[in-house]
Amino acid sequence: MTQNSSSIDPRVNRLHLETDDHPTPKPALDQLETFEVFHQKKVGAAYTYVGPVHAANEEIAFLFAKEQYSRRAICSGMWVAKTQHVFLSGYADDATSIYDNLPTLSEVPNAAEQSYEIFHLKKRGKAHQHAGSVTARSPLHALYVAKEVLQTSPAVNVWVIASAHVLRQEQDQDMWATTPDKKYREAMAYRVQDKIEKFKAEQKA
Amino acid sequence: MPNLAVKNLLYQLADDQLILGHRNSEWTGFGPILEEDIAFSSMAQDKLGHSLAFYSLLHALGEGEPDTVAFMRNADQFHNCQLVELPIGEYDFSLIRHFLYDNAEILRFEALSQSSHPEIAKIATKLKGEVKYHVLHANTMVKQLGSATAESINRLQNSLDYAFPYALGMFEPSEYGQELHDTGVFIGEAALQTEWLARITLVLEKTSLKLPNVSTIQPVYGGRKGQHTSHLQPLLDEMAEVFKIDPSAEW
Amino acid sequence: MYGGGNVFEATTFDNLAQEDPAQLAQFEARIARGEKIEPTDWMPQLYRKQLIRMIEQHAHSEIIGALPEGAWITRAPGFRRKLAQMAKVQDEVGHAQLLYSAAETLGKTREQMLTDLINGKSKYSNVFNYPAVTWADSNTISWLIDAGAIVNQLANAKGSYGPYCRALDRICAEEAFHLKYGHDAVVHLATGSPIQRSMIQAALNRWWPPIMTFFGPPDKMSTHTETLMRWKVKMATNDACRQQFLDMYVPKIWELGLTIPDPNLHKNEHGEWEYTEPDWAEFKRVINGDGPCNAERLAVRRTSEERGAWVRQALLAPKATYVKPLA
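Protein chains in written order, with our numbering: chain A, 31 to 235; chain Z, 337 to 587; chain W, 1025 to 1351.
Some clues are possibly wrong.
In silico DSSO-like cross-links for lysine-lysine, where the CA-CA straight-line distance does not exceed 30 angstroms [stated by the list, open to error]: (1) Lys468(Z) with Lys212(A); (2) Lys343(Z) with Lys458(Z); (3) Lys1256(W) with Lys156(A); (4) Lys153(A) with Lys1132(W); (5) Lys1308(W) with Lys71(A); (6) Lys462(Z) with Lys561(Z); (7) Lys479(Z) with Lys464(Z); (8) Lys156(A) with Lys1244(W); (9) Lys225(A) with Lys71(A); (10) Lys212(A) with Lys542(Z); (11) Lys71(A) with Lys56(A); (12) Lys213(A) with Lys234(A); (13) Lys56(A) with Lys1073(W); (14) Lys1348(W) with Lys1308(W); (15) Lys1256(W) with Lys1073(W); (16) Lys156(A) with Lys1073(W); (17) Lys228(A) with Lys156(A); (18) Lys343(Z) with Lys468(Z); (19) Lys1291(W) with Lys156(A); (20) Lys56(A) with Lys1132(W); (21) Lys228(A) with Lys1308(W); (22) Lys225(A) with Lys213(A); (23) Lys479(Z) with Lys213(A); (24) Lys1132(W) with Lys152(A); (25) Lys468(Z) with Lys71(A); (26) Lys1073(W) with Lys177(A); (27) Lys56(A) with Lys479(Z); (28) Lys1182(W) with Lys228(A); (29) Lys1073(W) with Lys1276(W); (30) Lys72(A) with Lys343(Z).
Which bits of chain W does chain A cover? Going by a derived footprint, with three or more residues having C-beta under 8 angstroms, they are [stated by the list, open to error]: (31) 1120 to 1128; (32) 1197 to 1204.
Note that these hints are calculated values from the structure, not bench results. Bear in mind the structure is a predicted one, so any value in this text is a computation, not a measurement. Note that beta-carbon positions come from the ideal geometry of N, C-alpha and C, so glycine has one too.
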């Protein structure tokens, strides 16, 4: 059943709202899967975690991530990966390192070598940053390798993602070229103090 | 020397972008999933921004201020194609419109960035990157939804069949076409339409959707000459509702 | 952006005595030394439940909060306002996305949260149950409701839960634009033509009562409140937030020559704002469904979800599996 009520919003009136009072609960995965998004502020900077998006696949995740996480921030590149492809270490206390407490790896796995991207969380509450890539035979093995070659300061949490699982978009930078021009959504473009002062002066007169 | 041919071209561009941007802004808050809601809104803002760039150029060439030109004209003074003024419908229609429109717009911008008219070339070059993203978005979503479920394929096909004659209206021949071509300002609508058909065919081939046969379709022309559907005037009335409370006021 | 100060349902006080004392002590010590809690840390049930409720309500407030200002997107006067109005409302949808994602890290799915919203089970900030009758109403919301939300958000950004803090940092960064935009629009109206001035005054008269309830009823200090403040879930009392808001914004309203429809509103000799106590009975009625716009707000959300179902279905990859987001 729909209604054509008079809302203040003409768009709402054109929607012809459904009036079903008992909508069906959403099934699992109605909102799709999640992908984790990383962005690079400028060429050469480390990729930093910015948040997740719900999407159908890496391609669409990238499109959504561009809008949600680089609307304002100038960006030179973006990476996305399925949440389920992220291997997590445990969490350590601040100022200690999870690398000091890795689960035991009794022997190097028999799998083929592949490249893994390593992301470090330096402090709880901050965001993960790309620390580098290592070659290893499993995510846990990758942590051991990373401990030797990438640990420069304490990491309270580490994410490991197989490089093959990371979709990278770094070439099409003209997509972001005009972002700084969009002043209408920058706080700095709004200056009212003059107007207020002028008004106050006029009121006094 | 600013002439009628150039101004006419600019009005067509700016009016298309304004009306489409306005229509797509109707989706903000109502989108099928939050992330797509956000994406659609960005593209709508881009369209508005593009129209403002072209209205600003028109103003530099002697036309009125962008706000006045956009908010105070009546439907018969608008030169947008009828495709963009149609109501947003459901998501399938808006997506198909976005797909058909932006695949044409990128070609238009690519052509205009080679224009002999330096200001037009400058704007087109600068804003091309944004349209490239719009095309990427449209193509990705059409490829996905055009091959997914019976319902999505059906809906998109119906919208495609409905929108296609209107889409051909984007390329309505202009009385200034020859002049614009000869002066190197713009290569012309026919060339654009041919390339556009090739591009959208390529994308649609990756789906279960069928492109209507252009030779059997009657294009819906008239928009470029100020002939519009019954949808445009109410759209303009709504758009200008607050502005017209006091057109000389600073809002 | 639109986190109302209070969390609307009374929480059953879970029995902390049933929690592992050693874990609880470690958890509290971590918070006391200023460290953030991250998703896989041990946490008491009460902490998890209260945070989910709070972040979820904040998210719902954003997506519903998009609607009153959304009503004026198509009618925004002039390019500058049109573009900015679109961007602002877009941000609200964006903030909803960020906040749902933060709540998901605690174990409630976005599907469950949206279901609870459209079924009327979960609440959102009560101010959005009122209509934005004119363009000036929209501007009033953009300025003063956002201002209220910022007071909340700045406080909560110092809270203990990592994902919520990260989301709030992103949100606060965008809020500066919202506040400036709203203020700019209100200033233009207040210093403009007689019609514009009377439009903004009328809007302010309509919105002042809901604004005064934005931070929620006066807190009753209970063991509950004390625990939540110790756990840095609740960062400031409702009254403290309200006072801060009045202190920052009443002078700014008055300097525009606008009147506030509360003859009792004044700062007393102790530097505290006194005002006519809001009608908390009305607040309760409205938040429980009996407001001018409740039905429409939920109907819009339900309709959007229903009409979009085929899209999400078609996007769903056959081998998709849900894993809650990480941070």
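Now the hints, each set against the structure:
no.	hint	verdict
1	Lys468(Z) with Lys212(A)	17 angstroms, holds
2	Lys343(Z) with Lys458(Z)	16 angstroms, holds
3	Lys1256(W) with Lys156(A)	17 angstroms, holds
4	Lys153(A) with Lys1132(W)	25 angstroms, holds
5	Lys1308(W) with Lys71(A)	46 angstroms, violated
6	Lys462(Z) with Lys561(Z)	28 angstroms, holds
7	Lys479(Z) with Lys464(Z)	22 angstroms, holds
8	Lys156(A) with Lys1244(W)	34 angstroms, violated
9	Lys225(A) with Lys71(A)	36 angstroms, violated
10	Lys212(A) with Lys542(Z)	35 angstroms, violated
11	Lys71(A) with Lys56(A)	37 angstroms, violated
12	Lys213(A) with Lys234(A)	34 angstroms, violated
13	Lys56(A) with Lys1073(W)	21 angstroms, holds
14	Lys1348(W) with Lys1308(W)	34 angstroms, violated
15	Lys1256(W) with Lys1073(W)	14 angstroms, holds
16	Lys156(A) with Lys1073(W)	23 angstroms, holds
17	Lys228(A) with Lys156(A)	44 angstroms, violated
18	Lys343(Z) with Lys468(Z)	25 angstroms, holds
19	Lys1291(W) with Lys156(A)	40 angstroms, violated
20	Lys56(A) with Lys1132(W)	13 angstroms, holds
21	Lys228(A) with Lys1308(W)	43 angstroms, violated
22	Lys225(A) with Lys213(A)	19 angstroms, holds
23	Lys479(Z) with Lys213(A)	34 angstroms, violated
24	Lys1132(W) with Lys152(A)	27 angstroms, holds
25	Lys468(Z) with Lys71(A)	21 angstroms, holds
26	Lys1073(W) with Lys177(A)	36 angstroms, violated
27	Lys56(A) with Lys479(Z)	25 angstroms, holds
28	Lys1182(W) with Lys228(A)	38 angstroms, violated
29	Lys1073(W) with Lys1276(W)	38 angstroms, violated
30	Lys72(A) with Lys343(Z)	39 angstroms, violated
31	1120 to 1128	holds (count 4)
32	1197 to 1204	holds (count 6)
The structure shown violates the earlier hints numbered 5, 8, 9, 10, 11, 12, 14, 17, 19, 21, 23, 26, 28, 29, 30.
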